[in-house]
Structures are given as C-alpha cells and as structure tokens.
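Guided by the hints, dock chains B and E onto chain L, whose structure is given.
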Amino acid sequence: MAELTDVVCSLCGCVCDDIVLEVENNEVVKVKRGACSVGKAKLLGHHRIPSPMIRENGELKEVSYDEAIKKAAEILYKSRRPLLYGWSSTVCEADKVGVELAEELGAVIDNTASVCHGPSVLAIQDVGLPSCTLGEVKNRADLIIYWGANPAYAHANHMKRYSYVSKGFWTEEGKKNKKLVVVDPRKTMTAKMADVFVQIKQGYDYPVFSALRAILRGHADVVPDEVGGVPKEQLMEIAEMVKGAKFVMTFFGMGVTHTGARHNNIVNAIQFTRAAHTHTKASIMPLRGHYNVAGINQVLTWETGFPFAIDMARGYAWYNPGEDSATDCLWRGDCDSAMIIASDPGAHFPGPSLRHMAKIPVIQIDPYANPTTEFADIVIPTAVSGIDAEGSVYRMDNIPIRLRKIIDSDVPTDEEIVGRILTEIRALRAKEVQ
Amino acid sequence: MAAESELIIKNGVVFDPINGVKGEQMDLFIRGGKIVEAVSNPKVIDAEGRVVMPGGVDIHAHIAGGKVNSGRLMRPEDGRKGLVPKTKVCRCQSGYSVPNTFATGYRYAMMGYTFVMEAAMPPLAARHTHEEIIDIPILDNAAMPLIDNNWMTLEYIKSGDIDLLAAYIAWMIKATKGYGVKVVNPGGTEAWAWGKNCNLHDAVPTFDVTPAEIVKGLAEATEKYEMPHSIHVHPNMLGHPGNFEVTKATYDLVKGIRPYRDRPTMHATHTQFHSYGGSTWGDFESQAKSIAEYINVNDHMSIDIGSIILGDTTTMTADGPMEYDLYQITGRKWTNCDVELETGSGITPFLYSGKSPVNTIQWAIGQELALLVKDPWKVALTTDHPNAGPFIGYPIIISMLMSKKRRDELAAEVHKAIYDRSELPSIDREYDLNEIAIITRGMAAKTLGLSEHGKGHLGIGADADIAIYDMTPEERDAGKIQKAFLNTKYTIKAGEIVVKDGEVVATPEGRTIFVTPECDQTLMDEMLVTLEDRFDKYYSVTFNNYPVQDHYLPHPYEIKAPWRS
Amino acid sequence: MQTITLKLKDAIVSGVAKVPVEVDALTPDQLFGKSEAEIKAVKVWWGNRQEQTGDLFEVRLAGDAASAEDVKLVFEGDLRRVKRIGEGMKVGEIEARSDVDMHCGAMMEGGKLVVKGSANCWAGREMRGGELVIEGDAEDNLCAMYRGEMTGMTGGKVTVYGNAGELTAQYMAGGEILIKGNANMLAGLNMKGGKITIEGDAKWPGADMTGGEIMVKGATAMMPSFKFVETATVDGAEYKKYLGDLAMGERKAKGTLYVR
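Chains as they are written, first to last, in my numbering: chain L, 1 to 434; chain B, 435 to 999; chain E, 1000 to 1259.
No lab work stands behind these hints: they were computed from the structure.
These figures come from a predicted structure and were not determined experimentally.
A couple of the hints might just be wrong.
Under the rule of at most 20 Å between Cα atoms (straight-line distance), these lysine to aspartate or glutamate pairs were calculated in the DMTMM-like manner [what the hints assert, rightly or not]: (1) Lys1239(E) - Asp221(L); (2) Lys78(L) - Asp1054(E); (3) Lys971(B) - Glu172(L).
Just chain L, with the same shape it has in the complex:
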C-alpha cells in the first residue's frame, strides 16, 4: 500500500492538486484528503469500457485496437467535412495531436467550450478579461460575487480553496471579513450562503449589468425603478458594496452564458467589472467546467491562432463560432462524420444536433461508456488522464498543472490513439498519391 500526495484531480476546472490517496495492487483504494465527493468518485474509479468495439447490425462487437483504428481512419479520410469534437477531458499532449489530425484532414475541430464557456471566449474577444489567478482571490478578495453560478453544487471545493471560505494573506479570518453576493433566478445552495441574494428575472442579466454600469459611472438618475426583476434600491446597494470593497471578484457560470443575451451577457459582466475598476480593484473569471477545457482552448490558440470552433478545410484555421461550432455544424447537417473524444455530446447537445449525429458515422474515444456511446459506430477505450495517464492541463484561471499517473495500465492513451489514427490517415494519403 502506498500513500500518494500532491495528486491532481482530473474532474472540474478547480483542478485541486493537493489530493492525498492510497494505492494498493495498482488500484486507488482510498481518497484521504483534498477531493470533493465528485472528485473522490472519479479517483476511486468506475466501470470502464474493456475493449474497442465496432457496431455491426446495430450491435457493438469487440475488435482489436488495430481494427478499430483502421476503420476510424478510413471513415475520417473519406469525409468532406469531418468533425473532431471534445478534447476537454484529456490532456494537452492529446489535444496537440488532435490539432495535427484536424490539419491533416481539413476537418472542423471544436471543443466543449461551444456548449459551455464559448460565449465567455467570445466576450473576451470583444472587451478582454480583467482577471487574476485563483490565489489572488484567496489572498485579497473581500467581496465575492457569483453570478449565474452555483459552485456549492458544481465546483464543490471552489469556495473553500479559492474564494469565500478560504483564508489567505490579507484574508486570515476567512469569510468573517468578506461579503458574498449571489445573483440567480433561483435560490440555489450557494444563494443560501449569501449575504445578499439578488433574484433576477431569467434572461434579464444583460440590462441589469448595464444598469449597474450606469450607476457606477454616476448616472443612477436614468435607471428606472426596476430592471429585470431587481428593484433599483438593490442595484444601488450592490453598487455601494462594490465601491466600499478593497477587491471585488466576480465568478460567473452557465446561468449567464447560455440564456438571454448569451455571450453579450458576459461582455456586459466584463464591462461591469471595468466600471467597478474605476472605484476599486475588480476582477472577473469564468467558472470553467471540465478540468482541461481551458487547456484545449490554449493549445488551439497557440497552434492555430484561434480557441475553438475552427474549420481547417482550406489548410489554415477559419474561426467563426456559430458557423463552425460542433452544435451548429451538426444541427445544420454539415458534417459527414464525427470523432468524439473526451466529452459527451450525447448528454449535452440539443436534439436537432443529435438527430444528425445519429445519421453519420461516429467514432468515440473515451475510457467510459456514456450517452454518446449510443451514437458510436466505433468505440475506442483509452486511459484515464490523471489516473493511468499523465499530462498537461490548464485550470480555470489558465494556470498549467501536470496530472500525475498514479496507477499502471496497458490501456493506450488518448495521445497514442489519436496519433495512430493520424499515422493511418497519412498512409492512406500516401497510397492515393501514388
């Protein structure tokens, strides 16, 4: 039995890296410290797909890795508009091979940001992002705002490691000298902890941000008595809290990215932060979901120039979310094949997108079976990053951390499998040219 420390959790964007666990007979047997309940469940492991499979007459039949890879390569190679989607629950080393594959194929490559914080990326491209690393929040922030986010449920360690409950250099007393504001249409678990809960009308975040901005810039007089279900008095109260704080930190989630004005909600949230910054130090950060969604965005950006929703058809990256994002491509019926890796569109994509995905050949690369497996014509199981595969990931604040490999296995990694598909495709191309 060995005790391992400094283990890095590969579940959510918190990327907690101080996990202590016990490994025995090449299995994680106990998670002692550091992980939330969801992270713990992942580390302890659950049923994994035992073998590659190919669907024949509606049934998935076990095959060898070589066969599955060969078939996958043939399908992708023939495609006119293949979609390579996912990438967020694997490591950067695998993501890089994916970009190479997309370039080789002239494929559309996209990641889960398209259904998650893609709108936040769009907003950054409009107004930038005044932000900081999570340790800054821990050490300095005395006013925390969660807007359209419920970390008590979805990022369980967030408040105690990084924000409201945490203790740092100028925040030795934890939440005692901090204020928590939660903005949400419903009184969530996190809202119950708040000093001030702002119950906003669903879809009205956009004008509420604009009203706060007008107030912070000295034009409270033009703001009507109620905006988006929020009384003007409460808006004035929030503005005063902002002005009186030493460091305002806003975190936001899916509540604002995919409702109402969508990415313009985030633009407005950032503009609100900029307006706050005329009074005090103010920063803002998206609560990224997957543990390496930030990482695939980083890799795509430095390798192609753009962060997601990229069409490589012409040999360079054409970037246009809404046109080349996976949900849109599938909804419009653009793509003639799809490779889904380290993600689960079967569980998250809208109906029309899935209806088309059901009609085209789908290759799934994943350690685990999930709703996407129902759509897959080829299934290739791989190692779990952070458990039997190591590699680079980027936390929600874009800090790079390396996942450790904590048990051995001979299951190939995502990086290997994507690499073998790429090699096979190059061989097909070389044959054709002859």
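Frame of chain L; chains B and E shown alone:
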C-alpha cells in the same frame, strides 16, 4: 539530416563581429551542426558574394506563454491577418502581431534568426511558456522568469537578506527552467494587485520596500553567481512623459555593483519607452539624447531599443498598471492577469499612427537611441515584440538605420512634430553591415553570455547557425536591404538548411537553454523553510506540483552558474 | 449585359450530410472575361476539397459585357448550403433565387446583390459599399463585424423586407440599413456611425452605442441606461428621442435612438 553531414558555404562575404570579421570573403565549413576547420565530402552552397552572418539572436521578444496566448485568443482579428495554409513542410500559420507558434518559428527563420529569448515568464505559469516553446519550430530559445514583484523577493529585500534572496533566485530559475532574472515595473505590479502603482521611491503597500531597493537588491543577489546574463530590467514609469529621469536613476542604482566578469550589471530593455521628455502628452518630446549620453559615458549598462513599427499591434507586459492606463486612453479591449505572490500582466491592442505627433516621436526615439549610442556593442535591435511592433518589422528598422535617405523620406510622411521634438532628422549617421551584425546577433550573444555556448558567431566550434542574405555588401538601397533581411537566401540551423530562397524547407526542433545557479545547500534549506510556508498558506498550487517537469524541455541545454568565490 | 447563370446541381444537397459549398471565387469581377469552359474550371471549395465549378453547377452564359460592371450572376437551385455568395464583390450584379447560406455579401464593396429569399447569418458582414437586398428574413449578425473587430459595416445600403435576427449591425460605423420587419435583440450593439431604421419591433436596441442613429417605428423594449432628451417629429410622426448608451459613460454616449 545525419549528425555528421558536411556543408561548405563558399564565396560568402562574412560579417562575424565577435571574431572581428567585418565583411571578408571567406568559406565556412560545417560538420555535425558545428563550424569546423575543414570538411572532406560536403554539400556545397555557393553564396556568390552575398552577405553572410551568424544566425540572428533576439535578446527580447514576447513569443510564448500566458500573456502571449491571451493576446492571440483575444485578437481573432489579428489572427486572420496572417492566415497561411499548411504545406508539406509547414503547419498552418496565423497572425500578424501575435502569430501562432508555427508562424513565429518560420518567420524568424526566414529573417535569418536562429535564437530568441522569451522576455518574461510568469513563474507560476512557466509550464505554459515551455509548452508553447515546444511548438515553436527551428529556433533555439530561453525564457526569463519574473522575480521582482515576488513576495519572497520583497520580504528579503526588506530584511536585507541578500544571500537568502540569492538562494530564492536559484530555486526560482531552476524551478522554471529559466535563463536569468527578469525585472518588470518592480514593486509596481504588486501594487497593481490593489489597483495602484509605484514610482522608483514609493513604498510598495504592505511590503514597505521601494522599487529602487528591489532593483539594487536583485542585482546584488544575481551577481552572487557566475550568471551568464545580468538582471534584465523594464524600469518603472514605462510610457509616461518625463520618465527619462526615472530611467537614468534606475540605471544609477547598480553602478557600484561588480558583475562577475566583464559584462554589464544591468540590461535595460525596450529603452524607447523609457526615454520620454515633456510632462504631459501635450508637450511630449524625445529624450533619447539624454539616455544615449548616459549609455555613452557609463560602461555598466546595455540596452535594447524597443523601436516602433507603425501600424496596429498588441501590447503585452507584466506592467499591469501601464496597460490599464493605455486601455483608458484608447478604450479598446483590455485583458489583465495578476499572478498570485509573483507578478501580473496586461494586454491591449494599440495603433501607432504616423498621423499622431506622440506616436511619431515615439517612432523616432527608438532609432535615435541606436544612432546616438556610439558603441554598437551596447545596443540590441528589438521592437519588444509585439509591444512596439511585430518582429517581422526588424528589416524596416535595419533599412532605416543604414539609410539616412530612407529616414528622411519617411520623416516627410509622418507628423511634423518629428522636426522639433526629436533629434532624428538631424542625425546623419548610417549603420554599416558590421554594426548591423553587432546589434542583431553579436551584442545579444555576448550580453546574454551565449557566445561561449556557440551562439552569435562563426568561429570554430560555434553552432552552425548561419544566415545568407540575398544582397551584396555594397547594397545601399533601403528597399532592397529591407527585402533581403526579410527573407534569406538561406538560413542554416545546426548545420541543416531550414530556409531556401525565402521559404522554409525543414523544421527541426530547437533547444531550450536554461541556467542552473549553484547555491549552498544550507542556505537553500533555510530559504525553503520560508518558501514552503508561503506555498502552504498563500499559493493555490502545492510546492511539489510547482516546478517545471523535465517533460517540458525535450531538448534541454544547461548552463551552470556557480557561486562566485 | 452578360448574364452568367449558375444552377446548383441537385446531387450536391441530396446526401445525408449537407456539406456547404463556398463560392467566394465567383463574383462578377472575378468571372468577367472568362469563357464558359474557363468558368467551369474555376475552383470552389466544397468541404475540405476543391472542385470545379462545372462539377457543382450547371453553367450558362448569355449576352456580352464590356466590363465587369455589366456582368450579372444568377445563382439558382437550392442555395441554402451555398455560402459566401457575393463576398467581396466590387461591381456588377448578383441575384440569388432562393434562401442563401452564411456570409452572403460579406465585405462587399460595390455593385448590387439581391437575395430572393432569406439570408443566413452574417449577411453583409463588414460591408463597405454597394447595395444588398434581402427579400425574406436576415438571420443573426446582419452587417456585423468579424469577431474581435471594433468596426463592422462602413458603407453601403441594405434593405431587409422580412425580420432581422439578433445582433444586427454590431459595431456599425457607416452606411444605412432598413429592416421592414422586426429586429431581434441587440440591434446596433456598439454602433458608432451610420443609420438603422426598424419598421417593426426591437428589443434592447443601441446597447453600448457611442454614435450613429437608430429609429424604431414599432414597439421597443428599452435599455435601462438611455437618457430621454425630448420628443421629436420625424417625417410627420412623433418619436421620443434618447441619448445613449450611458453605461459607456457620458463622454462616450453620443448615439441617438428614436422610439415611438
């Protein structure tokens, strides 16, 4: 290509300033990636009388890491300016002021450069810098970690524990696989984490040390080792009218400190931004003359110019407050990232326009510095890529330094403020090719301490990194000079032809050079007690997960820096 | 006048996947002076492969043109998967006889482009000049900027007979747009110049505007950060005139919004 491949470059006119070769017709022999005395069965390149120089060495550019990628991510409109489809040899390319990693490697190589120093690496995100560098083809490289706003630094400066500071520096450079000590707006960036800034003698909130004390302390601590490069400093008050006095005062701080050998005690970077006179934007004028005079009479300094390229670019520095001020002026998009216990960064696009009197004077200042500093061994050509402009503009600067005629033509096209608020129109000096070779490779290699590791020269044993420019040494036409320096006839890297006729033909991987300062273990252990406590209480990552793992340097080259006896 | 008719072959859109065809290589100025055979040989992108125009379209030429200005392209067939019709066109005319896919008329500089149907997203993106007419609806991002830019449409005239989607004319700097139907949320976002007239309803028009003029003749869901200036009569009808957007601060808020 096989390691023992042989190559001969004949009939080239060689400019190798480190070895005193100033335009001599000579043959170069290459074997196994090095310059050798003789070869037996080489491939032959006939340079046909063209200019031959060692591969370019860029002493300061922002090419890889968190803020560079932030710049790319936030600027798809810059990305789409440089779209080039992949070829059989090259990956896809994008970008103009923030090119993707592949374009960065290819475009530098096409200009004949073979080494680039990543100017500023936030230590907590050092892994990111190295991970991007892996994707930059061809170029050898290194990166400098920021060590001047770090809480450990501020605490040791306050307590006067220079030896412990030296131990921290050693730990930091090793943990980040870095090259030296980078200083950016010392103290001011920690103040910025509260929305404030510091001038040279302002106390940093809570830590109660001044930027002046930080600079001096870091220079002293750095010189405890046989460090190849001095501290590399971006002084306080960058970009403010009237800052030239603060700049000179910063340079004065290290005057009494003895460097470990005959090299500067401070390298001051992108000096154009720090040579401003006047007191507001209204009476803004150049004080390049004053800075140049200082550099002329003092031998403890080296500078790089940070010269403006007119047009749209992306500014990005660890000088958070300066970037905020810039965004306030332009109203454009602005990204900020404060890094816990260490540093910060700001990124915002900026347009340098020849119609603006201020931008025109800024444009003149960089050139004035190069022309008024007498000794080219004290000057490196940079644009602080991409802050003053993209590196792809270096040939424009080269052609302007070499041609008074070109400078006069361009002065007539920009704002007339250039005539009464800068010296440039009255300067007749023209750089010759030997001087250009100094400021684009020789000086940087020497100042970085890389010349004894094979860089920046073509003596026996040097790395066979060579640029053959498609011009003869007699060429005086600025347009032809500019064209020649943009796309080489040949670029050779470690003895392999990587660029031919202006096109990339091979993309070998480069090496990352890093320094290992050697510190006494007892001293190190004492420092570690404090450091581990800070990790435990204040950092958001663990001490053991912090250092850059070997995985991130697939081709490492280590330089040891022993403690001075 | 020369008319070049390009009819998309049915086979192109009859597969399980409807891979879009991109026709940015087919504009009056690029095709002027080419023979039928030459036009058929022009390469266009269909997914990740380039095909010959003649393999995707039936090509018919009629009449003569002395210059590109006299050339009219007529696109026929099911164009819902044909992108970039008229992209960058400088002169001449294009008529598209069905609904069209994205980027129709993007970056056009001159000439006239008529869509006899609805246009998908980004029609008239970054338009510089010329005239664009959409007889049906326009989807999101009509005449908007490319991601990251701070300037979108700078010139030209656009008429949409139906409704417009979200984010019409974001970062507009010049030119004129008339929407005869409704405009979905955030028309004129970040506007700094030019004029937008919406005959139907609008939701949150002119957000973050710093210049330019928007007139809404139907019902308006207002932003909470605009300042009432006065009542004004325009072409015999009474409007409330607002100054905005004060969320940008007073110094920048120089946009004008007329609502009923």
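Structure-based check of each hint:
Under the criterion of a C-alpha separation no larger than 20 Å, the hint pairing Lys1239(E) with Asp221(L) is consistent with the structure, at around 18 Å. Taking the CA atoms of Lys78(L) and Asp1054(E), the gap is near 19 Å; set against the 20 Å cutoff, the hint holds. At roughly 10 Å between alpha-carbon atoms, Lys971(B) and Glu172(L) fall within 20 Å of each other, so this suggested pair holds.
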